[in-house]
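Protein chains: 2
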Amino acid sequence: MNNRLKCLLLNLFLLLSLSGKAQEKISIGEKKNLSSAILNENREIWIHLPKTYNDSSIHPAKYPVIYLLDGEINFESYAGMSDFLAKPPYADMPECIVVGIKNTERTRDLTPTKSHKKSPVNPDVVLFGDSGGSENFVRFIQEELKPFINKNYRTLDYSILVGHSFGGLFAVNVLLTHPEYFNAYVANDPSLWWDNKILITKTKEYLDKNKKFPDHKFLYVSQADNEEQNKNWNSDMTQAIEEFRGIVEKNGSLNYKHHFFENEVHGTVSYPGNYDALKYIFKGFRTDIKKLSKNPQLLEEEYKKFSQKAGAEFIPSESYLNVILKFMKTNGFKESETYFDGLKNKLYPQKN
Amino acid sequence: MNNRLKCLLLNLFLLLSLSGKAQEKISIGEKKNLSSAILNENREIWIHLPKTYNDSSIHPAKYPVIYLLDGEINFESYAGMSDFLAKPPYADMPECIVVGIKNTERTRDLTPTKSHKKSPVNPDVVLFGDSGGSENFVRFIQEELKPFINKNYRTLDYSILVGHSFGGLFAVNVLLTHPEYFNAYVANDPSLWWDNKILITKTKEYLDKNKKFPDHKFLYVSQADNEEQNKNWNSDMTQAIEEFRGIVEKNGSLNYKHHFFENEVHGTVSYPGNYDALKYIFKGFRTDIKKLSKNPQLLEEEYKKFSQKAGAEFIPSESYLNVILKFMKTNGFKESETYFDGLKNKLYPQKN
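Residue numbers (my numbering), protein chains in the order written: chain X, -10 to 341; chain L, -10 to 341.
One or more hints might be untrue.
One copy or any two copies: either way a pair holds, since identical chains are not told apart in the list.
[Stated by the list, open to error] Derived lysine-lysine pairs resembling BS3-like cross-links, with alpha carbons at most 30 Å apart: (1) Lys107 <-> Lys279; (2) Lys293 <-> Lys318; (3) Lys315 <-> Lys107; (4) Lys272 <-> Lys51; (5) Lys91 <-> Lys14; (6) Lys186 <-> Lys279; (7) Lys323 <-> Lys107; (8) Lys198 <-> Lys283; (9) Lys106 <-> Lys279; (10) Lys14 <-> Lys40; (11) Lys107 <-> Lys318; (12) Lys21 <-> Lys239; (13) Lys51 <-> Lys107; (14) Lys200 <-> Lys280; (15) Lys20 <-> Lys315; (16) Lys246 <-> Lys51; (17) Lys103 <-> Lys186; (18) Lys14 <-> Lys140; (19) Lys335 <-> Lys106; (20) Lys107 <-> Lys280; (21) Lys293 <-> Lys91.
To be clear, the hints were calculated from the coordinates, so they are not data collected in a lab.
Modelling step: build the complete structure from the supplied sequences, incorporating the hints.
And the structure:
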């Protein structure tokens, strides 16, 4: 064997053994770097694609996008949760792309105004010196990140912004300043106490001026059981969230759910909050495969109803139609099978 | 440059570029193959290690193990959930290794007896011909899988078995036949209707004979809102779960929680069920870092109390102690900092 051949074989062996090892890993996403001119820094983005994204047996589909703040903390659990909730035949939500944004200067990016606060523990320490950059950060998301995602992935024009604490403050602020940017907003135990409750003032001003929120917008707010925390730390977290709730519920124009979680504290509430938020935002999305066996046209009726509520068009995914077809076939519902065969050919015509 | 050098450089380049690509993936675990003599087949096992498992800045720690049935369905969401719930300083549970068991012959492995049933949809179809292999399957877990995991990973002698539907039936059966195998059992909407409610009979027999369940055992049962399903499919799912609940609650010797989930159906209940189950099994594990600032000895007291309840010894992890120490230092709680410094040196002595 000559040297060139030896080298080739060794390379082949390396390639195969390394790729073999890589296959054994269970991967839920990938990290990308995005150079932001607006923020003048590189940002690390964690991207999770849904299960069917690369399924070559179906037509390439488009997916809603969930933008997740504090990506490095929430990405793994959120990706698992959204995939589970989107699993047919009992899907509570459509499959979504999850885009986690890793923090660099968290306080700078997520707070709407420059504000200082003395540490509740040690008054000599001044907190939040580097605050007030949220307008820049949302411009980064809207003008740089979203175009990057839309260019590189197959996306539907439907997106959700998810944040916790300062991230919740950020989400509420984006709803007030750029409500058109996202279809739905999730604010887990949001820091609405920020800067003398500046967002309460802004909410009042917004409603004085606009009278109501735009149609088809959703806001979910979770609230932790912070009583103990309040006792120890004199926080006005709870009071500000309650005040905000009062204003929004009185106005009544927003699809709004507030949920108080007993026994969850500020640091734990975002997990059940995120679950409950997806259930709320996508309420009406789940269809009952058993009912469809007797009433097949219910599927399109329910998707139409849901789409009207959501303000965006959702149609049954090809993978769900395949599950339905298999169910009808296995259980001998011949008429329904024919119906869904027709629907599938209508929505996802086979290439000739 | 000679050929040998060229070959070496090319290999180096390949290695670096491939490992560079691999780093960009976000991995939550790995797949292993285990050859089972008991089942006479190869089984695929999905293994998730907690965040600190390979953290070289702390002493190598040991972790409880969660054995998860239907691994291919639940692994991703369970791994994300358990990591999130175990995140200090608000950890609701210890960090755990998650072992997902992928199905081969699901009905065979998870059902305790050989039983046939006519399809509720089409009486000509006989279901579950290949049933009744659960004793073999639990022997595989106990005699082959657990030794494999214990040999290859750093495990604590504390384990949980988690199943849904037939998997829940399996979990309850293991509790009745080999209660010593696991510390806690999770049965999401378990198929206790199986074989004329054979496990109801077995539960009665077990309690007639033993009077009570062994100490420190935990069972969590979630129940879906199957009313609609029952109407359509004449299932006795709900009735059997209710009957089981009555017997176990009346006996009163088991740490037992039953939770009914409104609006969750059989196919969706395991997700919130798994979350609620972990909260129940590890209730009392979470300590309040803010309280510890004023009352540092509370930490050991609460771990002792929790360990007594759990029937296994849990101590504060080194990573949690590091978080506590950082908190005390940042906020100027000097006395508590000194206390936890001492505790850390006691529990995790530095090598000289």
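Hints, one by one, checked against the model:
In this assembly of identical chains, the alpha carbons of Lys107 and Lys279 lie at most 30 Å apart only when taken from different copies (18 Å versus 59 Å within one copy). Proximity of Lys293 to Lys318 under the C-alpha cut-off of 30 Å is restricted to the intra-copy arrangement: shortest distance 25 Å within a copy versus 57 Å between copies. Taking CA atoms no more than 30 Å apart as the test, Lys315 paired with Lys107 passes between copies only; the shortest distance there is 19 Å, against 62 Å inside one copy. Proximity of Lys272 to Lys51 under the C-alpha cut-off of 30 Å is restricted to the intra-copy arrangement: shortest distance 20 Å within a copy versus 42 Å between copies.
In this homomeric assembly, Lys91 and Lys14 come within 30 Å of each other (Cα to Cα) both inside a single copy, at 23 Å, and across copies, at 15 Å. Within a single copy, Lys186 and Lys279 get their C-alpha atoms only as close as 49 Å, which misses the 30 Å cut-off; across copies the closest is 25 Å, which meets it. For the homomeric pair Lys323 and Lys107, the shortest alpha-carbon distance between copies (19 Å) is at most 30 Å, but the shortest distance inside one copy (70 Å) is not. Proximity of Lys198 and Lys283 under a CA criterion of 30 Å is satisfied in neither setting, with 50 Å inside one chain copy and 48 Å between copies.
Proximity of Lys106 and Lys279 under a CA criterion of 30 Å is satisfied inter-copy only: 19 Å between copies versus 57 Å inside one chain copy. Both within a single protomer and between protomers do Lys14 and Lys40 lie at most 30 Å apart by alpha-carbon distance, with minima of 16 Å and 16 Å respectively. Taking CA atoms no more than 30 Å apart as the test, Lys107 paired with Lys318 passes between copies only; the shortest distance there is 17 Å, against 67 Å inside one copy. Taking the closest pair of Cα atoms, Lys21 and Lys239 never come within 30 Å of each other, the shortest separation being 43 Å inside a single copy and 56 Å across copies.
Within a single copy, Lys51 and Lys107 get their C-alpha atoms no closer than 47 Å, and across copies no closer than 40 Å, so neither meets the 30 Å cut-off. In this homomeric assembly, Lys200 and Lys280 never come within 30 Å of each other (Cα to Cα): the closest approach is 41 Å inside a single copy and 45 Å across copies. In this assembly of identical chains, Lys20 and Lys315 lie within 30 Å of each other by CA distance solely across copies; the values are 29 Å between and 36 Å within a copy. Taking CA atoms no more than 30 Å apart as the test, Lys246 paired with Lys51 passes inside one copy only; the shortest distance there is 28 Å, against 41 Å between copies.
In the homo-oligomer, the alpha carbons of Lys103 and Lys186 lie at most 30 Å apart inside one protomer (13 Å), although the nearest pairing across protomers, at 65 Å, exceeds that limit. In the homo-oligomer, the alpha carbons of Lys14 and Lys140 lie at most 30 Å apart both inside one protomer (28 Å) and across protomers (20 Å), since each shortest distance falls under that limit. When the C-alpha separation of Lys335 and Lys106 is checked against a cutoff of 30 Å, the pair qualifies neither within a copy, at 60 Å, nor between copies, at 37 Å. Within a single copy, Lys107 and Lys280 get their C-alpha atoms only as close as 59 Å, which misses the 30 Å cut-off; across copies the closest is 21 Å, which meets it.
With identical chains, the CA atoms of Lys293 and Lys91 are never at most 30 Å apart, being 36 Å at best within one copy and 37 Å at best between copies.
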